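The task is simple: from the sequences and hints, build the whole structure.
Protein chains in written order, with the working numbering: chain A, 1 to 378; chain B, 1 to 378; chain C, 1 to 290; chain D, 1 to 290.
Misleading hints may appear alongside valid ones.
To be verified - Only pairs whose alpha carbons sit at most 27 Å apart, straight line, appear in this in silico DSS-like list of lysine-lysine:
no.	chain 1	residue 1	chain 2	residue 2
1	D	Lys132	B	Lys377
2	B	Lys200	C	Lys43
3	A	Lys97	D	Lys43
4	B	Lys135	C	Lys62
5	D	Lys285	D	Lys132
6	B	Lys164	C	Lys43
7	C	Lys264	B	Lys175
8	A	Lys130	C	Lys10
9	D	Lys275	B	Lys371
10	B	Lys269	D	Lys264
11	A	Lys175	B	Lys55
12	C	Lys62	B	Lys138
Unchecked claim - Which chain A residues face chain D? A few, computed with CB under 8 Å, are given here:
no.	residue
13	Lys81
14	Pro149
15	His150
16	Ser154
17	Phe157
18	Gly163
19	Lys371
Claimed, not checked - Chain D stretches covered by chain B per the calculated footprint, using a threshold of three residues with CB under 8 Å from any CB of chain B:
no.	segment
20	137 to 147
21	157 to 169
22	205 to 213
23	233 to 239
24	275 to 283
For the record, the hints were derived by calculation from the structure and aren't laboratory data.
Computed from a prediction, not measured in an experiment: that's the story for all the values here.
The beta-carbon is built from N, C-alpha and C at its ideal position, and this holds for glycine as well.
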Amino acid sequence: MKIHEYQAKEIFAGYQIPVQHQVLCTTVDQVAAAFDEIGEAVVVKAQVLVGGRGKAGGIKFCQTKEKAIEAGKNILGMDIKGLTVEKVIVCKAVDIKDEFYVGLINDRNTKSVLLMVSAEGGVEIEEVAKTNPEKILKIPIDPLVGLQPHQARSVFFEVMQNGKHVQQAADILVKLYKVFVEQDCTLAEINPLVIDADDKVIALDAKVNFDDNALFRHPEYEAMADYDEDEKLEVEAKEKGLSYIKLDGNIGCMVNGAGLAMATMDMIKLYGGNPANFLDIGGSSNPKKVVHAMEYLMNDKKVEAVLINIFGGITRCDDVARGLLEAFSQMTVTIPIVIRLSGTNAEEGRELLKNNKQLITAQSMGEAARKVIESVKK
Amino acid sequence: MKIHEYQAKEIFAGYQIPVQHQVLCTTVDQVAAAFDEIGEAVVVKAQVLVGGRGKAGGIKFCQTKEKAIEAGKNILGMDIKGLTVEKVIVCKAVDIKDEFYVGLINDRNTKSVLLMVSAEGGVEIEEVAKTNPEKILKIPIDPLVGLQPHQARSVFFEVMQNGKHVQQAADILVKLYKVFVEQDCTLAEINPLVIDADDKVIALDAKVNFDDNALFRHPEYEAMADYDEDEKLEVEAKEKGLSYIKLDGNIGCMVNGAGLAMATMDMIKLYGGNPANFLDIGGSSNPKKVVHAMEYLMNDKKVEAVLINIFGGITRCDDVARGLLEAFSQMTVTIPIVIRLSGTNAEEGRELLKNNKQLITAQSMGEAARKVIESVKK
Amino acid sequence: MSILINKDTKLVIQGITGRDGGFHAEKMKAYGTKVVAGVTPGKEGQNINGVPVFNTVANAVKATGANTSVVFVPPGYAADAIAEASEAGIKLVIAITEGIPTIDVIRITPILERNGTKMIGPNCPGLISPGKSMVGILPTMIFKEGNVGLISRSGTLTYEMVNQLTTNGIGQSTCIGIGGDPVIGLHYIELLTLFQNDKDTEAIVLCGEIGGDAEEQAAAFIKEHVTKPVVAFIAGQSAPPGKRMGHAGALITSGSGTASEKIKAFEAAGVRVAKEPADIPLFIKEALKL
Amino acid sequence: MSILINKDTKLVIQGITGRDGGFHAEKMKAYGTKVVAGVTPGKEGQNINGVPVFNTVANAVKATGANTSVVFVPPGYAADAIAEASEAGIKLVIAITEGIPTIDVIRITPILERNGTKMIGPNCPGLISPGKSMVGILPTMIFKEGNVGLISRSGTLTYEMVNQLTTNGIGQSTCIGIGGDPVIGLHYIELLTLFQNDKDTEAIVLCGEIGGDAEEQAAAFIKEHVTKPVVAFIAGQSAPPGKRMGHAGALITSGSGTASEKIKAFEAAGVRVAKEPADIPLFIKEALKL
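See below:
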């Protein structure tokens, strides 16, 4: 789960990580008032849950109130990578002496929280990782010991020109690690961490992602969620036990298991089609889930045909068939549906469905993919 | 630093450890009002920073308001091991199905936090430790991993008759460990941890000592301190860089170093005298400290003679001599003072003091002890 | 032979009194797995269809000599349950539970390491040595005893693969679903090593998916250390970046972790990569000259 | 010979730019200790009377080959400094700092263990191998090279003891103040073992105090494993229970940790216990037939 910069900074502030005073605005009037409150040059920053907002014009430095109002007008309502900007924050413009990148992530390879620090702050770290990987220090943190202050100092002594800012930066890093583990993050990033004209070290930006698996420990995070339309569908589907991601194509898919679901999409693409979604109905056999899944597919107006690919393990094919029959009884389905049932109780499933004229059956994934693409071409 | 039961329970409550609702009272009227508020049988418990208050009559079960008022009258103002009871708490009387002992301490031998659990709850654990040590389970907690929930369960499965209370008790224990490490305790104890008539597990009593060395991390604890007269002296002395403990004897001591200070007291006792205090002026050579030390000795009216035993290492004997001269210039000293200076700049120190008629000099600890005892007998 | 589990596997089921634990206990027993104990705190003394239940893994190990554990405990308690098994001396833990917070898995990793405990999963379907033992939730009827080892990040996709193999007459030595989470126990390299050293495994199927660079690492490892033929399949070629495709680990970030990178790495290491599952048995037959 | 420190000791001083660190650096150098580096974060490049200062212990070790560290860092930062030394490969850390929270020392203990780092202290005066090296804050002029090893929980009391020995013509191999805190690094048993194995140590003085049961454990250990003569002294016979006598560790709790218990344990182990410091040289002379 992603949260906005302003929300991440509120969490940081709770851990005594120095952040700027920020004014959250949803209207241009509020931006103007924020300029008056701050009383000097400000920065207006779009709050969107996507990277690259700087390049997209979502961050503006404003010397005057007029400029701030203009920035507010431009940024509020702006589209950044398909997301509409509904909020901005206004902060005092900072005189930056130097800037750094600091990030923590859960790392697959070292099976630890990985600390990344770079003197290349303020730019997209993914770019640095590609072009100058040696400029990012990566240090796996011992999961039992945690980030020790001397480790934090040591890494900043490597990247900072001037030792006198190291203690401040190291303090921030130790606190950031605390945020990461206590708040169950998958990412906690400060980019840039800056040294200002007064030699103060400040987290000028903040990015925090929470581990979806740990949300049960943080009921308070639900209020922080800000989903776009597609994500809302995904979250709602998850509550029904489905893993659903909407895509651009015209062939709806319903599969049990994430790996098989991906492979099914791949197969559609391989045979020249275009999947409309990723949809994993999971491991259980509840016919209700199949009904819900059919609803999602039918509600997507782009869907012109459906491929149902079930490999019965825990999932029983007859349960899936029952769910399908129930779905058909509840909704009008006019598009072609190709179904492939294999594994546990596949025979029984096919038997249940044999009288349904709308269904096109297939024996293998390949056959199913070919048939569903054919059905669309007609 | 010790805190009262009611304060410890407030900390526990902050960690969601189940404790009873408690009403803190300093007057009998408040006790009566507390009974009305609770509206059924209560327990009135003395709040004193010493063990054994139950045996001393400091805990009373009261079925009626009259009994509660009587208990309030008896307990408020009561003397328990030299301490006057100034506060009581009033809680609902609990129907106890079973009771246990749970404690955490910093353990020298295992260099870890040691968990102690016993089915012998509600009695003085020191007694159990002496008479039935096998009835106390002792488990050192890995300092890096911390107390794991399965460890907590496992220990309660060993001491509890009924497995159904184990999960509750284990939860409490995991939280108690959190209190211990986050609040820098040297002791965190629940005795008894009880199972009530509703099968709820509750911390019926609470004992918490803080690590004096860690108070700098917890400025909020100062407000919780409740020192008796002697302790106030000790705390005040500590602020002046002295380690001072008042005792019953008539021979005041001033020594540099805790070990030497103890050995000096021992020597006084060995030769038939009685030390009036433990006083370590510490390792630095600041003459001011010597002046302060003399003040403490002179303010103790029981002191009939003083033994000053200095082995100069970092402490320079001439600095001690200068401090003494300054003290003599500030206060009237009429009692005999035996001084032994050895080590760094001992000669210079003796030279500075040679004209002072009041001082009796000695070459060794033994001689000094003999001389100071003699001087008192005269 | 086989790897990790066999006829000597003595299994304890953590969470046996839960819905999933109980259901799959029966399935495993039916397949012939030696299910010797169950653990559910507070239910010691109960008996679930002949399997004695204990309060702690330590008690279960003491009473039954269990050497392997499978974990069906809910996500909030699962990491502690895995650590408990490890501290009780269990040397192989299969964690089925889906949805364990990643930081919990990270925290117990050093505990497992110092106790010498291997973990499969979490968020995995388990493993099977056909004809010998099954630990997990695998549909046993599709497997067949034989000489192909299989490693997969996915569940049902594994079944698809295995089904292709079995229906083409190719049996398996051991099949392992390693789990779809970002941080997991045994991974490709450890398992490739075990298969390479297993005399009854003649070829290996590796079924990867998008996200991370484990497949790239596996490819490099195969090039250096694996002499047996390996064929691979990568799921998620059509997945868009930045979206988590069901598995918490199946996430393409900033152009890294894509299927095409992985396929390139495998091909550079001499590993044939199947375009669709149906290619797998063909490739295996060619590799083993069947 | 000697134990722990000698002519090959290359010392780094953590907190060298502080008041105490700087003062004692001079004293140690004056005694002949090889002080090769100092560490104060942010002050790398400085030079304190010929000793180069580094930002980190790792830098100091890399540049100078330091193998021993002494810590003068303030209590709130000291445990981290000790851990830093250990992680940087230092095998012996002497922690002078008084007032470190006990839980901090407990937390770093496993880090020291896994790195194979020995610690003396905290809250200790350090150690000296007379004529070779002194690390800490000991008044060097009272020591004399010789064959008696001394272990003490106290500072100035150690000086008193040593002074008694030296003025009676008895020199010392190594004298160690182990520190007065409840949780410390090397304790009696480890040091008794080192002295027992040191061919130049002929007798051992053990200077204990009230609190804990380390003396009782030492007594049991001596009975089993130490063949060299040991004489002991226990401070705090007159201390009242429940009061912390200056040292955080010197606390008698509920009748345990008393001087009389300790004296009884030593005497049962054949260790002569001195009534006053002046007895110590007499006992040593008798034991060594001098």
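Practice item. Quickly compare the C-alpha distance for Lys275 of chain D and Lys371 of chain B to 27 Å and report which way the hint goes. Key: Judged against 27 Å, a Cα distance of about 18 Å means the pair holds.
Point to revise | Lys264 of chain C paired with Lys175 of chain B [C-alpha distance capped at 27 Å] | key: Answer violated: Lys264 of chain C to Lys175 of chain B is near 51 Å, above 27 Å.
Point to revise | Proximity test - 8 Å, beta-carbon atoms, the segment 157 to 169 of chain D to chain B, at least three hits | key: Result for this restraint: holds, n = 5.
Review point. Against chain D, is Lys81 of chain A within 8 Å by beta-carbon distance?
Key: 42 Å, violated
**Study point:** Within 8 Å of chain B's CB atoms, at least three CB atoms from the segment 233 to 239 of chain D: coverage verdict
**Key:** Coverage by chain B holds for the segment 233 to 239 of chain D (6 residues, Cβ < 8 Å).
Check your understanding: Regarding the pair Lys135 of chain B and Lys62 of chain C, is the alpha-carbon distance no greater than 27 Å?
Key -> 22 Å, holds
Check your understanding: Lys164 of chain B and Lys43 of chain C: Cα distance at most 27 Å?
Key -> Distance of about 9 Å is within 27 Å: holds.
Practice item. With a C-beta cutoff of 8 Å, work out whether three or more residues of the segment 275 to 283 of chain D approach chain B closely enough for the coverage to hold. Key: holds (count 4)
Practice item. Let me know if the C-beta of Gly163 of chain A comes in closer than 8 Å to any C-beta of chain D, holds or violated. Key: 4 Å, holds
Exercise for review: Apply the coverage criterion to the segment 205 to 213 of chain D and chain B: a residue qualifies when its Cβ sits closer than 8 Å to a Cβ of the chain, and three qualifying residues are needed.
Suggested key: That given contact holds, which follows from 5 residues of the segment 205 to 213 of chain D lying within Cβ reach (below 8 Å) of chain B.
Check your understanding: Does Phe157 of chain A pass the interface check with chain D, least Cβ-Cβ distance below 8 Å?
Key -> 5 Å, holds
**Study point:** Restraint check, 8 Å cut-off on beta carbons, for Ser154 of chain A near chain D
**Key:** 5 Å, holds
In this structure, the hints that do not hold are numbers 1, 7, 8, 11, 13 and 19, in rising order.
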